[in-house]
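Heads up: the protein sequence lines correspond to chains A, B, C and D, in order.
Residue numbering for the first sequence follows the working numbering, beginning at 16 and increasing consecutively.
Residue numbering for the second sequence follows the working numbering, beginning at 16 and increasing consecutively.
Residue numbering for the third sequence follows the working numbering, beginning at 468 and increasing consecutively.
Residue numbering for the fourth sequence follows the working numbering, beginning at 468 and increasing consecutively.
None of these hints come from the bench; they were simulated from the model.
Note that the Cβ used here is the ideal one computed from N, Cα and C, for glycine as well.
Derived CB-CB ranges, DEER-like:
#	chain 1	residue 1	chain 2	residue 2	range
1	C	Glu506	B	Arg126	35 to 43 Å
2	A	Pro208	D	His662	16 to 24 Å
3	D	Ala809	C	Glu697	48 to 56 Å
4	C	Glu754	D	Val616	50 to 58 Å
5	C	Glu775	D	Glu742	56 to 64 Å
6	C	Glu880	A	Pro208	34 to 42 Å
7	C	Glu775	D	Asp518	55 to 63 Å
8	C	Ala658	B	Ala215	19 to 27 Å
9	B	Gln125	C	Glu509	28 to 36 Å
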Amino acid sequence: MTSTSTAFATAREEGRAALVGYLPAGYPTVEGSIRALRTMVEAGCDAIEIGLPYSDPVMDGPTIQAAAQAALDGGVRTADVLRVVEAVAETGVPTLVMTYWNPIERYGVQRWAADLAAAGGAGMITPDITPDHGGEWIAAADEHDLDKVFLVAPSSTDERVAMTARESRGFVYAAAVMGVTGARESSSDLAGPLVARVRAGGDVPVAVGIGVSTGDQAAEVAAYADGVIVGSAFVRCLLDHEGDEAAGLDALRALTTDLAEGVRRARS
Amino acid sequence: MTSTSTAFATAREEGRAALVGYLPAGYPTVEGSIRALRTMVEAGCDAIEIGLPYSDPVMDGPTIQAAAQAALDGGVRTADVLRVVEAVAETGVPTLVMTYWNPIERYGVQRWAADLAAAGGAGMITPDITPDHGGEWIAAADEHDLDKVFLVAPSSTDERVAMTARESRGFVYAAAVMGVTGARESSSDLAGPLVARVRAGGDVPVAVGIGVSTGDQAAEVAAYADGVIVGSAFVRCLLDHEGDEAAGLDALRALTTDLAEGVRRARS
Amino acid sequence: MSVSVPSGPMRYEADERGYFGETWGGRFMPEALVAALDELTEAWREAMADDAFVADFERVLRDYAGTPSRLYHAERLSELVGARVLLKREDLNHTGAHKIRNVLGQALLTRRMGKTRVIAETGAGQHGVASATAAAWFDLDCTVYMGAVDTRRQALNVARMQLLGAKVVPVESGSATLKDAINEALRDWVASVDHTAYLFGTAAGPHPFPSMVRDFCRGIGDEARAQCLEQYGVLPDAVAACVGGGSNAIGLFTAFLEDEGVEIHGFEPGGDGVETGRHAATIHAGEAGVLHGARTYVLQDEDGQTVESHSISAGLDYPGVGPQHSWLSAAGRATYTPVTDAQAMEAMALLSRTEGIIPAIESAHAVAGALDVAKRLGQERGPDATVLINLSGRGDKDMGTAIEWFGLGDAEEGPEADLEQVEADAATGPDTEAQQ
Amino acid sequence: MSVSVPSGPMRYEADERGYFGETWGGRFMPEALVAALDELTEAWREAMADDAFVADFERVLRDYAGTPSRLYHAERLSELVGARVLLKREDLNHTGAHKIRNVLGQALLTRRMGKTRVIAETGAGQHGVASATAAAWFDLDCTVYMGAVDTRRQALNVARMQLLGAKVVPVESGSATLKDAINEALRDWVASVDHTAYLFGTAAGPHPFPSMVRDFCRGIGDEARAQCLEQYGVLPDAVAACVGGGSNAIGLFTAFLEDEGVEIHGFEPGGDGVETGRHAATIHAGEAGVLHGARTYVLQDEDGQTVESHSISAGLDYPGVGPQHSWLSAAGRATYTPVTDAQAMEAMALLSRTEGIIPAIESAHAVAGALDVAKRLGQERGPDATVLINLSGRGDKDMGTAIEWFGLGDAEEGPEADLEQVEADAATGPDTEAQQ
Ligand SMILES: Cc1ncc(COP(=O)(O)O)c(C=O)c1O
Ligand SMILES: Cc1ncc(COP(=O)(O)O)c(C=O)c1O
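Could you put the whole structure together from the sequences, leaning on the hints where they help?
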């Protein structure tokens, strides 16, 4: 597997930001989520985050919660997530897992790192683990050469931003607003300064997430960040076309195209 | 008006106990209660108690409560009671009012005594006034030459029995059981000794009430008391034939006859 | 009414026969109960003179009921009205009201008299629950009479009593509410008096209940007076309590009767407003009469029939009142003022929002009335003017009523009433006093 | 797990980073909250070292909440089990449970930190009502998150919070119960953390909550230990509390951790019985994991998904537990034993009937378990053996459940269950212990 940073490097070479797309595994079904994620790859995502559905997702807004809960109700298991990773990573796009901590602890951190690596996963985004409480994960990731994507927030102190930048690999996930996931009308004033603070802490790429749902917003964010992370807006494409897979995939494709154009028109 | 003691004297001369019958005024109607009470007089009651229906009758059992409540619901007023007294007293039988205290206090004790006397009433039985708290009534009764019938109970001390006997006029009402009004299967062991205690306190007649409903019971009581008081059993005759006055009066007549025989066969 | 009423310390006490001011109170009762009432009077007098009994009573109050209840300075409320508002926290007593004092006193006396069973009447269930509690603690049999209308309305309190081991008897007679429950309890007592004590729920009824219940409740005022002196170095300018039968009020007032500078205020349930006839403001709007064994103010019609009372607060919904209050009113020592349902509910919301204390609706009547007194005194005497309110009980039992009144309980909708307005309104001038 | 766990007085404390015994607790939280948690940790540490804060806290506890709560000798219960049973009467605190201590501490800290708004999660509503109360008292804005299933079941508590001025937000996500309310409150906090404090309801969650909530609740044990020594001249042989999240239990236990002769017993909600899978006996039957920010025992499936818990007692119905309890269990200092719904309800009836105290069903778990401990200790050490139980709250809120369980509330019918039997059963030998 390759670190996600290669995708950011490519984008940088192209003079643009990378587009990182998120969907939870198992929604609407395991196979359906694979087809959806592959559609996003085909339509222009530079990297993929695959959510591991969890019963107590404190950082997720209602859209992602709804899809993840449906996936759980549909019986998705941790092992299924690896299957989705494998199927997406096959496309060659860097593929990360985004997950709360307990399922990983339960799976066994070492075993998880090994299996994730074996499935071709690039690494992991950990919304409820910070580097200072992530020792076990950091060790396992390092051993298996996996990306460790930690989050920074507008409320993070400079010291913590620097520490997080230092401990992250692949990229740093900058939460653009104080709040949970979910599409928002306008991107936040807090994001730009936050990105700058991360850059001051090291040269790991910084992707900004939380709230982006249109190409214009993506363009705005792409003006100052190395990557634009979009989650809820993709999920909404599927939720809005529940029961009609083709329509859902069309919507995903259209949105990805729009966003991919957005990250490209930013700097022009 | 004459004191009820004349009725007891007459009975004593005939070698028997007196039969005292009770009905509340105004049940089923004012006129109906007059016809009922006159029927009881005709069939052999030696004295009559007319109940003044009251909202909070603590000494009454369910039977009398039901009739009194119906009378109140029918709109009976204190003045109506005087009308019933007058109509019954006309028959020549000593006619008392049995009443809780508040309606009298409200009417005006002096005015009540005067009006009761004017209606031909013989006096009053006061279930919630004892002589030691009955000063105003005693004064008014004495002024208007009315009977003051107070109660004694098995629980009364000898001292209080003597005091009550002393302060009563007409007769003393001996509550035969510890309990409220209502027909009972067997008359109480407590009554005999209680009557004896009253007799020890003075020569006012003693009538026993509470619980008598048959000629046999009346005979039993008549064996040791100067009078037998019957209330709930008469009321029941009317309640059992609600809406059929003739049947109710027949039942009253039959019961009175039975009881009157009872008080006569006692000493034979 | 008579020149022989004593003056000085005994002026407000009942005489030997239970009359206050020669007229009020007494014992208008069936002879069948006189022996029991005499026995009770005797036992109560002896007990109050017996240091061991008094010590036992104080111990059970302290260790079990949690007295002395705190005297609490309601600072936010004080600021709103411009005077010092003190709350006597009877709501923190075991079972949530002052009533536990009375039942523990009577149950202790029952044990002393060697009786093994107690009966009690109850309206909404507060006194019934308290009685069942005391009976459980003293291991006595317990039967509670409760109007059938009330047993259906207050299934929760019925359950409480049953859980505590009491038998609850629904009373169908009359209006099937509190006064009929009293009648029925008296009927039971006539038949069971040899082994049964009647735990009467308020400072009303025949002698010795008004004086005895007062003695068992007077800790409220004795404690509050000492606490006020100790904590603030002054006596209050006014004391206030709600008046149903009058036990919490007389329990508070007694300590202050001889303090001539202390205004004494009783607040009666004004229901929809005295002028509507739907109220229970017995002293304010009733006439002298005899009810449940005592001469006192009674809500009655022209013929002396008891009239149904109305109050949003079940504990105040009684057409009579303790005779000592009638005397205190007639003698001019205490002032009794009606507080409407609406005023009481507003005070309930106000106290909840400003102090985090949800009062019983009964107690909210006292709060509503007392705040107006406090505003007046604050204007006259400045912010150190002190008004001491007996917070006789907590409001948990009243949430059903509050839900209906304010439209609460639905989290999706939020409250219907504008509770924000309550604080703003409270800061304006006296209103209940002005309305009288 | 590690040799560097300190011994001696610090052995049971968390380290700087919030780990108990190096493994339990910690802070598994979004970075967005770390600054707030750091700020809170700092403020709490400073406050606890500041005499003025501690004095303020003690004053509000005493004057407003009514502490110290009594230590009460339950004599009839003691006789039944053959050992001295002492009850710490937290049920007499303002709002009826130990929870007021925690919220007053956190609200005082909120004010000290200059924040103007508080949020809280609540299950059945107890912590929500306590939080709304503290917010009213300190004049703070208050929003309470409550599972939508719970807002419908507990309209009375929703109304209470609204009356106290709080906004209640129904949470529809997940199972729409307590754990989802916590998730939603955390989501609010992520967005509002600059002016908002999260009043967490139990000694669980991310560091510093487990230690901070313990500090605010430890008055329970500190008071009880001093009261026991003063009133009986001995330490108890055992102390007992129910364990939901664990705040009342840790509040009691802390004072006794260094008293090696004192047995420490936590009683967990055994629901229908641990073997049925329908329970909330987290320590007894859960596995180590991370929930709501702390590593602790968690009820979870093979994939680490939280499993729904079950208990008749809403306040104990939580699939996690405070991490210090996990450590006390792992370290062998305290014993955690499940008590079934049926055992708890029987203890509820028993305490009601013998002592006139209706306990919260939560607290009834402690009573049920502790009585068995008392029977054993009584047999081993004689009738002076002393078991101190934290009566964490009163049962008024639980009457609905009691009505269903025992078939109470209908005065015409009387209780369905044979409550007479309860006392007889209680006199027989240990049973919950035997069942484990
Ligand atoms: C809390 C509370 N306060 C007051 C009262 C009224 O009773 P009293 O007037 O006897 O104090 C009641 C009666 O139930 C009550 O529950
Ligand atoms: C009375 C009572 N006891 C105990 C608990 C359980 O909480 P904890 O385990 O935090 O003490 C609750 C929770 O609502 C409660 O209300």
